[in-house]
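Using the hints provided, position chain B relative to the given structure of chain A.
These are the residues of each chain, in order.
Number of protein chains: 2
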Amino acid sequence: MNWETFSGRYKARDGINCQWRIARRPVGNVRPEDFEWTEEPIPVPKDGEVLLETMYLGLAPVMRMYMMGTDRTGDEHQRVGDVIRGRGVARVIESKNPDLPVGEIVQGAIGWQTYRVSSMTPAEKFFRVTTPDLPYSLAAGALGMNGLSAFAGFFICGEPKRGDVTVISGAAGGVGTMVVQMARIAGSRTIVGIAGGAEKCRFIKDLGCDEAIDYKSESVPQRLKELCPEGIDFYFDNVGGEILTACLENLAMNARIVLCGSISEYTRETPFGLTNYTRLRAVEGKMAGFFVYNHLHRWEEFTGQMADWIRAGKIKPVQDIVEGFESMPAALSRLFEGKNVGVQCCRVRPEPVRRKLFD
Amino acid sequence: MNWETFSGRYKARDGINCQWRIARRPVGNVRPEDFEWTEEPIPVPKDGEVLLETMYLGLAPVMRMYMMGTDRTGDEHQRVGDVIRGRGVARVIESKNPDLPVGEIVQGAIGWQTYRVSSMTPAEKFFRVTTPDLPYSLAAGALGMNGLSAFAGFFICGEPKRGDVTVISGAAGGVGTMVVQMARIAGSRTIVGIAGGAEKCRFIKDLGCDEAIDYKSESVPQRLKELCPEGIDFYFDNVGGEILTACLENLAMNARIVLCGSISEYTRETPFGLTNYTRLRAVEGKMAGFFVYNHLHRWEEFTGQMADWIRAGKIKPVQDIVEGFESMPAALSRLFEGKNVGVQCCRVRPEPVRRKLFD
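Keeping their order, the protein sequence lines are chains A and B.
Residue numbering for the first sequence is 455 to 813, as defined by our numbering.
Residue numbering for the second sequence is 455 to 813, as defined by our numbering.
Isolated chain A (complex conformation):
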């Protein structure tokens, strides 16, 4: 069954809480059979709680791991039958919490459902959306965990330096499109983006890459040698696997590697083994990992800075929005097929009319 047929079977509607649940553990990329659609009455908020109506849901590779019960987020693993975890943007439509009146926009761990009751405690990692002048969809992207991933990974974990030769894989993806622009802000001398296909390569060059490598049609090791003759100073890794291997072979002295994601590895049958990690030795290199939720304490600094960059045009948020809650499973699949450009998200309901619309 293809995704279109599958999505077409269902229709979310107001007045009922539609949900996507884990039907079975995925093997390889997700398939329609891995998802179950359920409908429940809208939950009723208790004192202190609010009822949220989902506007946008973001998609991220970690969600496949939630479905497999293999994520390393530290939260309890999900079981077959659970509503799939995920973050998004929602509007308060009923409030028993004086701090959050009806109409307020929030972002947080809504899950794959069209309504949710929340007590808005810190454990639920909800945040109020404080940028009414910007599209709310951004809270499921540049002003959400995707943005914080790029910000914390690049600026905090990565220690970028002016004049760096910076290479970014998954450069056309949700985090990659932001890191490309952050490298420009940080004063990289040369920015090389790696992406799949000529269209994506053109796109990332428009976005700020000096050079682009199409890993589907070019030899990445060969092109890295040509484009970075003095070696790579900074590599932001969104993909792992052979591309990480190729970058390790071509490092400059004191190179830094940031491990953000390894999407090329997630759906393999046999785990990928990195054979040349010892290349860090000859160049005094560092490979550092980070996890976005370890950086939540910098939320206000991050959102303030990111919103300023967006307003100043220094960061153009790139979003790949699918329409309709029915399309969530198909949207997740797109990530592993490398189809998305920018942050993959799903519009569950249109944005409400606001004082001033983003132009």
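Be a bit skeptical, because a hint or two may be false.
Heads up, the list lumps identical chains together, so a pair's fine if it works in one copy or across two of them.
[Unchecked claim] Quick list of in silico lysine-lysine cross-link-like pairs, BS3-like style, CA-CA up to 30 Å: (1) 465 x 500; (2) 679 x 500; (3) 679 x 740; (4) 579 x 768; (5) 768 x 500.
In short, the hints are calculated from the structure, not lab data.
Relative to chain A, chain B alone:
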């Protein structure tokens, strides 16, 4: 042919320059057939040069890579027929260099031979031995490149913190025995050494390890969990392979890994692949490599500090000395068999009588 029979065939003697050369590229651990013994007239120093008489030669795993022509030191690869590269301690026995009178002791890239002429230029990476109160053999160990590896790896690359739970593999080896004692100096809370065999484990506990894991008879992953219930803060890696994998599985937040050596990987037929390097992500971990020759500019700081520690008894140099230049190939083999305790070196000639002997 065993090593004893092989070594017994040859006899170094004064008045002739005896050499060990590459007879063929080693496959797996080195074998007698990989080495060729040659004899040449003693070379004659020109103006500005000195003639050196070899006293000690150090052994290091990189020498097998020299023999294979696969080292990443940046120097030209060695060919079959070349005198094998290596560092050691020598005495000036003839001088056409007014700065280096006869009797002076130096350390440097002598190669596997009993005499050498040197211009003592920086390119040859020779240093004068400035610690006449300490055994000269130490210049082929704690006060040589082994010591600088431990010092640069642990203190410069590794950023140790007081209170760290520190794990050291190859803890009974040349670098490991020093790092164990450096971890004590740096104020580690718990020091866990990993070594092969009960005897080595006892030895490293005497040297300063709070706990020891015998990788030959115990499950390293299991023991690490038991001994480091809050995770590893600092892992000094001398071995790579499965032990690095096990440490990655058991990291504490903000853990640091220093990549010094990967002796468990060098002689494998299929290269080792590190499947869980992404564990660095959840803990904001860092894996950093270093190469000892990148730190030569700190030579004086290092030798001054190390000599002070040795004199104060804070670092007890551990040396595993084989007798006779004939035994060099066998001594190299010991490294890959895990037989050495401390720095493996070879006494080519006895130390000269000095003003004050080390007690």
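- Task: Go through the numbered hints given earlier and state which of them the structure violates, listing their numbers in rising order.
- Result: Hints 2 and 5 contradicted; others consistent.
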